[in-house]
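Protein chains: 2
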Amino acid sequence: MKVIELNRSVTDSNDRDAEALRRELKEKGVLLINLMSSPGSGKTTLLSRTIQDLSTEIRIAVMEADIESAVDAERIEAMGAAAIQIHTGGMCHMDAGMTRKGLEEMGEERAELVFLENVGNLICPAEYDTGAAKDVMILSVPEGDDKPLKYPLMFAKSDVLVITKTDTAPYFNFDFEACKKRVQRLNPRIRIFEVSARTGEGMQAWEEWLKEELAAWKNR
Amino acid sequence: MKVIELNRSVTDSNDRDAEALRRELKEKGVLLINLMSSPGSGKTTLLSRTIQDLSTEIRIAVMEADIESAVDAERIEAMGAAAIQIHTGGMCHMDAGMTRKGLEEMGEERAELVFLENVGNLICPAEYDTGAAKDVMILSVPEGDDKPLKYPLMFAKSDVLVITKTDTAPYFNFDFEACKKRVQRLNPRIRIFEVSARTGEGMQAWEEWLKEELAAWKNR
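From first to last, the protein sequence lines are chains F and A. Residue numbers for the first sequence follow our numbering, so the first one is 558 and each next one is one higher. Residue numbers for the second sequence follow our numbering, so the first one is 558 and each next one is one higher.
Excised from the complex, chain F in its bound form (with noise of 0.2 Å):
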């Protein structure tokens, strides 16, 4: 298990520096998709299954970014997919440069689709491009369907939204139809996903688009 150390890039000029990065990952076909979220938003459980359901297609590998711990990079290994574990040195948010180092140390020739797992928080990671190809944001029933009230710039900076823990919806008052509504408001073009990942009810949607996404990046 590889943890890194990391902390501010040393560039000011961020949106260069993702712009270079998602370029050279263009070249080398390595499709790289920032998942941002609260915490505890089933993020982790997410990719779990994903890689369970995908990983005799496609090689994928995680970078974890955390404030400190490695639980969540040790359980997406124990799945089977190269993992590793990036410490932010209390940064709250991962940026281009930080990304570069982590695909860097992973080596990110090993795999063809990477996920960047970035911290939990809902307000500075959508403010810095990290790179990515697509930017992912989770949102877990449990949390409410207000959320896009409070946190609209994350909503309107995500290409998709994948609503998380479906099949807890009796236990919570969670309007599907309001929360999607006030989502497409702040950002008409978001593709939305409903996932129980537990259950998997939902999962070949949001895998079918990670694989169409695939092959779109090697193509065009």
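These are calculated hints, taken from the structure and not from any lab test. It cannot be assumed that every hint is accurate.
[To be verified] Quick list of in silico lysine to any residue cross-link-like pairs, SDA-like style, CA-CA up to 20 Å: (1) F:Lys738 / A:Ala627; (2) A:Lys737 / F:Val628; (3) F:Lys737 / A:Lys691; (4) A:Lys691 / A:Phe733; (5) A:Lys583 / A:Arg657; (6) A:Lys583 / A:Asp703; (7) F:Lys738 / A:Ser626; (8) A:Lys737 / F:Glu625; (9) A:Lys738 / F:Glu625; (10) A:Lys714 / F:Gly646; (11) F:Lys714 / A:Glu625; (12) A:Lys738 / F:Ser626; (13) F:Lys714 / A:Gly647; (14) F:Lys737 / A:Glu625; (15) F:Lys738 / A:Val628.
[What the hints assert, rightly or not] Some chain A residues flagged as far from chain F (calculated, every beta-carbon gap over 12 Å): (16) Asn744; (17) Gln761; (18) Lys768.
Positions of the beta carbon are idealized from the N, C-alpha and C atoms, including for glycine.
Place chain A on chain F using the hints.
Below, chain A without anything else, positioned relative to chain F:
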């Protein structure tokens, strides 16, 4: 409904500002509680229930800090307590200067117990003393028992941990004992309450603690 737009305080000496604010609030007999948690952990629901139970005995006011929206302050006002909404101008936490400004706008003399509902975030709010008498963090059962491993500073600096949504425990693999051990390793003196604001279970112990703190704050 008052909505306040705040930006970063002009002063860099947050710790000194926080101490000064705490001293002033002590002289006025106003107990300020800083509530911190992830988005969607149930802060507002806990507050609504607390207000419902205590507002005949104690004059309570609430400052809701969010990036955007006023949904929380509206919910609190509907419970009959004084509430103001603070917008943090994109900032992921409240500092002492922002808290002072919020109190001034609200007119803190209207209340003896003031809750500051900080921005939903387990990272940045832990780094800024707001001037509150007590820091209370909330962890909801659906977030998982591993959060102390991943966000240690928040757990280490809080005076109280309230574990919420305990009625949903049958739905999630939340190990209360493991969680509490992880928290106490970081912070041996922390007080821990387990509550369900929905069923009311555990609310009484939390409310007794608030009453004791208020009495002590006024007398010592």
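Do the hints match the structure? See the list:
1. For the hint linking Lys738 of chain F to Ala627 of chain A, the alpha-carbon distance of about 18 Å falls within 20 Å, and the restraint holds.
2. For the hint pairing Lys737 of chain A with Val628 of chain F, the CA-to-CA distance comes to about 17 Å; that is within 20 Å, so the pair holds.
3. Between Lys737 of chain F and Lys691 of chain A, the direct Cα distance comes to roughly 37 Å. Violation of the 20 Å bound is thereby established for this hinted pair.
4. Our distance criterion of 20 Å between C-alpha atoms is broken by Lys691 of chain A and Phe733 of chain A, whose separation comes to about 23 Å.
5. The straight-line distance between the Cα atoms of Lys583 of chain A and Arg657 of chain A is roughly 14 Å, inside the 20 Å bound, and the hint therefore holds.
6. Straight-line distance between C-alpha atoms of Lys583 of chain A and Asp703 of chain A comes to about 36 Å, which puts the hinted pair past the 20 Å bound.
7. Taking the CA atoms of Lys738 of chain F and Ser626 of chain A, the gap is near 16 Å; set against the 20 Å cutoff, the hint holds.
8. Restraint check for Lys737 of chain A and Glu625 of chain F: the C-alpha separation of about 18 Å stays at or below 20 Å, so the hint holds.
9. Distance check on the hinted pair: Lys738 of chain A and Glu625 of chain F sit about 17 Å apart at the alpha-carbon level, within 20 Å; holds.
10. The hinted pair formed by Lys714 of chain A and Gly646 of chain F meets the criterion: a straight-line CA distance of about 17 Å does not exceed 20 Å.
11. The straight-line distance between the Cα atoms of Lys714 of chain F and Glu625 of chain A is roughly 16 Å, inside the 20 Å bound, and the hint therefore holds.
12. With a C-alpha separation of about 16 Å, the suggested pair Lys738 of chain A and Ser626 of chain F falls inside the 20 Å cut-off, and the hint holds.
13. Restraint check for Lys714 of chain F and Gly647 of chain A: satisfied, since their Cα atoms lie roughly 14 Å apart, inside the 20 Å limit.
14. Proximity of Lys737 of chain F to Glu625 of chain A is assessed by CA-CA distance (about 18 Å); at most 20 Å being required, the pair is judged to hold.
15. For the hint linking Lys738 of chain F to Val628 of chain A, the alpha-carbon distance of about 16 Å falls within 20 Å, and the restraint holds.
16. Every Cβ of chain F is farther than 12 Å from the Cβ of Asn744 of chain A; the closest lies at roughly 14 Å, confirming the non-interface assignment.
17. No beta-carbon of chain F is positioned within 12 Å of the beta-carbon of Gln761 of chain A; the least distance is around 23 Å.
18. Once the 12 Å rule is applied to beta carbons, Lys768 of chain A is consistent with being away from chain F; the minimum gap is 29 Å.
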